[in-house]
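*Asks:* One-letter residues, chain by chain:
Protein chains: 2
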Amino acid sequence: MVESAARNLVCRNCGTPVPLRPQHACFECFGPLEVGYDTEALARVTRAEIEAGPHNIWRYAPLLPVGQDPATRVTLDPGMTPLVRADALADAIGLRAPLWVKDDSANPTHSFKDRVVSTALTAARGFGFTRFACASTGNLANSVAAHAARAGVPSMVFIPYDLEAGKVLTTAVYGGDVVAIEGSYDDVNRLCSELTETDEFEKTAFVNVNLRPFYAEGSKTLGYEVAEQLGWRLPAQVVIPMASGELLTKVDKAFAELVEIGLVPASDYRVFGAQSRGCNPIATALWNDSEDIVPVKPTGIAKSLNIGDPAAGRYALESVRRTGGWMEDADDEEIREGIQLLAATTGIFAETAGGVTVAVLRKLIASGRLDPDAETVLYSTGEGLKTLDAVEGRVGPTHRIKPSLRAAREAGLVE
Amino acid sequence: MVESAARNLVCRNCGTPVPLRPQHACFECFGPLEVGYDTEALARVTRAEIEAGPHNIWRYAPLLPVGQDPATRVTLDPGMTPLVRADALADAIGLRAPLWVKDDSANPTHSFKDRVVSTALTAARGFGFTRFACASTGNLANSVAAHAARAGVPSMVFIPYDLEAGKVLTTAVYGGDVVAIEGSYDDVNRLCSELTETDEFEKTAFVNVNLRPFYAEGSKTLGYEVAEQLGWRLPAQVVIPMASGELLTKVDKAFAELVEIGLVPASDYRVFGAQSRGCNPIATALWNDSEDIVPVKPTGIAKSLNIGDPAAGRYALESVRRTGGWMEDADDEEIREGIQLLAATTGIFAETAGGVTVAVLRKLIASGRLDPDAETVLYSTGEGLKTLDAVEGRVGPTHRIKPSLRAAREAGLVE
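Which chain is which? The protein sequence lines are Z and W, in order. Numbering-wise (the numbering used here), the first sequence opens with residue -7 and increments by one. Numbering-wise (the numbering used here), the second sequence opens with residue -7 and increments by one.
Derived by calculation from the structure, the hints in this document are not laboratory data.
Which copy? The list can't say, so a pair holds if one copy fits it or any two copies do.
Straight-line distance between alpha carbons at most 30 Å, and here's what the computed DSS-like set of lysine-lysine pairs gives:
1) 394 <-> 195
2) 394 <-> 289
3) 289 <-> 355
4) 355 <-> 245
5) 289 <-> 245
Bound conformation, chain Z alone (with noise of 0.2 Å):
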């Protein structure tokens, strides 16, 4: 077992340290924290250990602050999610160079947020939390309930109570507690973080408030597979939906680590957010030139992408002008067709996270901010079966008909 190449927290703000413990919030500053390493030990993975490892995010292990010992580890196995070549797709947008979907569908259960619930509960473990929870908008209550369940450990998860159904009963079938809140995501989880100062949820661990910093590198993941799953280089460009905008950053800091480390030759890369029209309030300070992220109280189809207050929202400004990339936001009606749209042309049938980010990257390209003729990697984070609300009414059977050859001329399928 090779040890965590983790050495602290650092504080994105003020860049004060802190001891690797379950803190989120820097006591100077109040500003967010996350992991900081030993690049000497980083830059000492090789490519052929990361290959020799297992075909899940744990093969990054050495790149990650937790899960080195494969016995440590409260996981699901997530991870090594396909990375589909997407010509007709291309075509349909107007993309000329070589276009790739990373399917995060085939996670566990179905969304992106397996890898970071895994990192953040192996971390919550070592830490002795004997419960584990979260404030979700539905894919992270799915998946902490499942990892719980696996592990054996209970679990309580926080979500708004207008949730899609499939989403609930896909959490609520694991057995653990449910609490809907009658409020946005936003005040489930202002909610959570009030929990977590009560001597009740002193031993719970919330992984997306008091293990943030660990939950939040597992997304790294998503950076590291494309890079490798390319041949161990960078795309071009990626276009990423933002939520919170952690995503979008940790990508971008996979990006950049590889790079220093050496496991990928340098080249410049662009990164692209995607954003729903009911709620772009990352967007919507890029297009102002704005360093001030504005809270919204959402609204629209992109329940998983409904958070009004985005934690990590001015990171995500930061990767996207950094790298000259650029932000766009589409409504429910170009939502649901980037679904159908995805789904006829690769085979893949995302989430409505996902059609927001196919709208966006459409108009990218027709607004020519996004290089039609270069390499780009479009990440869809989540499943179709958890929104088919987004569907519903718009596809259906083309025929009905009775069991006869006759019925099936009537038809016209046979003359």
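Put chain W on the given structure of chain Z with help from the hints.
*Replies:* Then chain W, alone, in the frame of chain Z:
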């Protein structure tokens, strides 16, 4: 590129050989055809060759009739799904030996059907078919439509009109034709057989009708993978859901092949079959010590298993009798309990067929038919998100509160 070791089609009934072509019934006796291999060619396949292959079913291409050349594959690259150790489930149902769940919801369209569709459509393209089709209880339709979308080939799938909404939407979203038939799956199947004889469908590959021998071979990969994942050995007992009965026979065939060609040591194994109470014609024949499978009119919630006239039923009986296994059935209430038990103990959310299989395993242990001290593999072939109705009303939020600490206190979450 290695050539296929497949040499012909052979009648399972009378043994008559037929050249490799799109034909499913023997012209001599109307018995079903299956693929025959050059055993000497198979025997040259090595573990190392397989292990060096891709992390999907195509690592077993040397043991399949098609797909040796990657460029010929029509596929979503399914397979190498998790084999999950299920100690808590074993405890709950009284199994004292290791229990494993083969979780095939991890496939691209979240059921084992991606395996058989990949082999069938790869064969279909080789034979020059220009449209892809199937008769389906739902999962197969999802898979054919998705494969067709990715391959850029038109599709027309035939389903019973009363399928779960999730399975209909998840098929129609890919943009192909979806024909809802006002009848049972068996009616759908009969109509598709008739359609293959019409001029309009001459160039249409019905994966489970005229391509059936090539389709069925894809199921062997569920046997190969379990053996490889166990470290190249066979489990003592397997429990497998039955619709047509084909999957069970092909896992048996795969195990026998692995022994015959020397890839695993010979060891006794017993094959157990699981049906639902609403559609149990194969199990009934076993219980009655009969060779005759009397077709039934299926009822009950396990729609993916609702084939009342199972094409491979007599061969499933043969496998179970020859290996000393048994069959049981489960009613709707037991199915629902099985889904919840599997979810709560393993973090795997299965569709109704998985609930059937868990409930049947429990009964087999209770009755002593299955050895509680022998290692067992349970096949879970589909995804719970597709049959949410099965748990609707049984699970849901455990609490509903306003977003305040005070409300959390009143609900008893904190004091």
